[in-house]
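Protein chains in written order, with numbering that gives the first Met the number 0: chain A, 0 to 197; chain B, 0 to 729.
Please keep in mind that the hints were generated in silico from the structure rather than gathered at the bench. Check before you lean on any hint, since a few could be wrong.
[Stated by the list, open to error] Partial pick of chain A residues on the chain B-facing surface, computed with a CB cut under 10 Å:
hint	residue
1	Ala58
2	Glu65
3	Arg66
4	Gln68
5	Asp90
6	Val92
7	Asn105
8	Ala106
9	Val107
10	Thr108
11	Arg125
12	Phe174
13	Trp186
Cβ atoms here follow ideal geometry from the backbone N, Cα and C, with glycine treated the same way.
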Amino acid sequence: MPEPGRPPALQSFPGMWKALVSLLLLLVGATGAQEPRIENLHVTRQNGRILVSFELLDALDDEMLERVQSGLPTELAFTLRLERPRVFWFDKVFERSTLQVVAMYNAVTREYLVNYKLDGRLIDSRVVTDLPGLERAMTLIHSLPAFEVMEESPPARLQLTVRADLGSKPFLFLFPNRVDTGWARLWLVEPAAPGAER
Amino acid sequence: MNLRERLLRHRKDNRLIFAVLAGALLFFTLVYYLILRSQETPSGLLTNSLLLFVLRYIDVVLILAVLFVLLRDLLKLWVERQHRALGSKFKTKLVATYIALSLLPVLLLFAYATELIQGSVENLFRTPVREVLEQGNAISQELTERIAAVNQRGADRVLGQIADVDLDDPRQRSRLGDVLTRSLRDEDLDLLLVYRETQFVHAVLDPSAGPVQLPEPGSAFLLSAIREGRAVRVMAPSGQDQRFILAASALRGEDGPPAVVVAGTVLDPEIAGKTESLVRAYQNYRQLEVQKPEIKASYVLLILMVTLVILLTSSWVGLYLARRVTVPIEALAEGTRRVAEGDLTHRVDVDADDELGVLVESFNRMTGELQDSRLLLESKNAELLGANLRLDEERGLFSTVLKNVAAGVLSVDHEGRVSTCNDAALAMLHQSEDELLGRPLEESWQDGERSKLRELHRRARGRTRREVQLRLGGEWKTLEVGITPLHDPQGTPTGHVIVLEDLTELIQAQKLATWNEAARRVAHEIKNPLTPIRLSAERLLKKYREGDPGLGQALEDGVKTIVREVASMKQMVDEFSRFARMPRPQPTEVDLEELMRETLQLYRDVKPGLDLAWTVTSEVRRARFDKEQVRGVLINLLDNAVEATPVPGSVDVRAIGRNGSVVLQVADSGPGISAEAKEKLFLPYYSTKGRGSGLGLAIVHRIVTDHGGTIKVEDNRPSGTVFTIELPQG
Chain A
0 MPEPGRPPAL QSFPGMWKAL VSLLLLLVGA TGAQEPRIEN LHVTRQNGRI LVSFELLDAL
60 DDEMLERVQS GLPTELAFTL RLERPRVFWF DKVFERSTLQ VVAMYNAVTR EYLVNYKLDG
120 RLIDSRVVTD LPGLERAMTL IHSLPAFEVM EESPPARLQL TVRADLGSKP FLFLFPNRVD
180 TGWARLWLVE PAAPGAER
Chain B
0 MNLRERLLRH RKDNRLIFAV LAGALLFFTL VYYLILRSQE TPSGLLTNSL LLFVLRYIDV
60 VLILAVLFVL LRDLLKLWVE RQHRALGSKF KTKLVATYIA LSLLPVLLLF AYATELIQGS
120 VENLFRTPVR EVLEQGNAIS QELTERIAAV NQRGADRVLG QIADVDLDDP RQRSRLGDVL
180 TRSLRDEDLD LLLVYRETQF VHAVLDPSAG PVQLPEPGSA FLLSAIREGR AVRVMAPSGQ
240 DQRFILAASA LRGEDGPPAV VVAGTVLDPE IAGKTESLVR AYQNYRQLEV QKPEIKASYV
300 LLILMVTLVI LLTSSWVGLY LARRVTVPIE ALAEGTRRVA EGDLTHRVDV DADDELGVLV
360 ESFNRMTGEL QDSRLLLESK NAELLGANLR LDEERGLFST VLKNVAAGVL SVDHEGRVST
420 CNDAALAMLH QSEDELLGRP LEESWQDGER SKLRELHRRA RGRTRREVQL RLGGEWKTLE
480 VGITPLHDPQ GTPTGHVIVL EDLTELIQAQ KLATWNEAAR RVAHEIKNPL TPIRLSAERL
540 LKKYREGDPG LGQALEDGVK TIVREVASMK QMVDEFSRFA RMPRPQPTEV DLEELMRETL
600 QLYRDVKPGL DLAWTVTSEV RRARFDKEQV RGVLINLLDN AVEATPVPGS VDVRAIGRNG
660 SVVLQVADSG PGISAEAKEK LFLPYYSTKG RGSGLGLAIV HRIVTDHGGT IKVEDNRPSG
720 TVFTIELPQG
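So here's chain A without its partners, still in its complex pose:
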């Protein structure tokens, strides 16, 4: 006997109703899942340099942690750019830096070695013994001396953009599809007196 309030097609196929609900829940769950992103982006000026701090959230998934614990070098690459916001100008990037955070697990000592390379130069190296420590070491970047401060005739307005590259996953098995966080942006109103605005 047909149930009131339910479409006839679904009444004929009771399993379909459950399947639709499951699909909806899956979609809601997928929508609710947090994408990797960069937050808490801010800068400070110290000794003529711009120190950049930010936090990468929801980036280390199980697959990446599994990769780290297998002993394979696992890298997060952060691209930092200073841009001049010109609409009709192709060369917006004023300065660019790349921070590579490479983690490698030593199964014998059961320690995680985390190396930091700024523009290919090793600037720091840390050893952590647990996963929370590893996640903090890889995702929490504090006071990174990314750029030298331009004292002479700096641009009136600069924008700091940061993006994390999380590797590549092929699309349709053949076409490489880069996984990244997208650009996080921060306006630098006055280079001489650095402050952040969103």
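Assemble the complex: chain A is given as a structure, and chain B must be docked to it using the hints.
Chain B only, in chain A's frame:
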């Protein structure tokens, strides 16, 4: 090469250029993209994924190449089929077969190889292997953890035992050393380290542990122990083969920095090496497991690359072979179409050295021969057309002449049917076209008068010429009828031409002229004897009146003269009478040889020195005509010939057969006859001898004509005259 073919070749060249440009553009685009990717992709990721990266791009390029080759040819085929190009269906089937033959096995091979590789990779990570490695790793971890637990307990106890030792007081170091040495022995430890926070205070080492250097656990480890109260670390100092398992316990004092005790065990190098091997084997296994998708992908991409290379090669070769077959066939089909449309100048210009080449060569040779035949045919046709035009003109002229000619002309086919007749013939015969055309003569000329013509036609043998008198339309007509047999080029009789000439008026005129001439001649002939008679009479009268004594003599002479002249007049009158009363011929069977012998016998000794000869051929020995009249003809002609021929000379008489007629010829070697005399020779009362009545040859002509024959006079060679008489033999 015609314009269309040159344009096609030119277009083909352009396509090649476009293809090269497109390929170069695609290549540089990919290179540029690769450069961009390499710039934006961190070096570590790039290094790890380099193989996959390269393989993927090679595969993409190969896929595009295969698609380009296939789609290009399929598109061309589709366009050709849309335009209903000759050979497109055959080409479609051939290309589809080639593609299917190359695609199916290659794709099957790819699927099978992919499945095989994936199965092999999966087998690599089978559960037993994983379990063994996991167990080994677990044993290693368990061993480490147990040692670490023992050390941790030892560190805790030592921390309690040194609680009352002032670590900052150097004087209590000896006591600290004693406590640590005793604890080292009691807790079965290999080393003990004591720190005030991260500041090293004292250490003891079990000499039985072997020659080892004291490890430096690191401030991070110590701070972790202080923060957490406990900490464990496995140390593998670089450059050493010892492994240390350290456990730290920290105690925050009420005053000053916390104390940290680190208890450690030095692993036996052999055990350390084995446990490390177990751990590293498991780690390697986990690395492979983590990289399993990439390993699979690399193998699959490798197989895909090989598959695509094979597919590209086979497709290209297949399409090339298809073109090798279809291009000559298309060219032949196009050639056939052009030839069918009449263009025999078209030649198939295709490079082929196999059976198709033989076919192309045969086609070109056949077309060439067709072209030659056509040219010859056109030439003949033009000639025929010209001949027909001339024939039409001649026919028109002939028709005009036939229509306007005074003579009546009829043609009769070999069955005796009238096929043509002109108006003059219809007028002469008093018949309409319907009564004659297409009808047999037996039907058209069945009445009594016209049956004479029919009979003449029936009896005609060879050329026949007769005068026929017919009573048509209530009046008599004299027609000269000429019948000439017709033959085709092979000599087969095809009928007759009958020419009718109306001689009625001419004969009447001739009769009038003849009678005028006759009257003149009669008057002249009568006047000639009358003059001597009148003179004799006048002389007698004069003698009588004068009483001349010679009257008797004169009378005798005069009477004699009168009698002689009267006799002459009587002879002349008799001849006129005989000419006028000439009977119609009474044909009988005649032995011509006998007639000839009897006649010539009369002239044997007439003129000594004159050679008389005669000949009768066997086919005319028996003939049918009026013997006496023909004898008269012969005598007349022989009289003239013998008289005209001086001695020595000859007279030759012959009788021969010709076209069913008897030909009599009388030839002499005399002086001959002038052309003017020949025209008047057969007129009555014309004579070249100055004596006689001049009726001899007129009578000969009359007899010959009455027999339905002809007579003509010609010059003899080298001198003399030939009279030729042609009489119908039957």
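Status of the hints after comparison with the structure:
no. : hint   : in the structure
1   : Ala58  : violated (14 Å)
2   : Glu65  : holds (6 Å)
3   : Arg66  : holds (5 Å)
4   : Gln68  : holds (7 Å)
5   : Asp90  : violated (15 Å)
6   : Val92  : violated (12 Å)
7   : Asn105 : holds (8 Å)
8   : Ala106 : holds (4 Å)
9   : Val107 : holds (5 Å)
10  : Thr108 : holds (5 Å)
11  : Arg125 : holds (8 Å)
12  : Phe174 : holds (7 Å)
13  : Trp186 : violated (24 Å)
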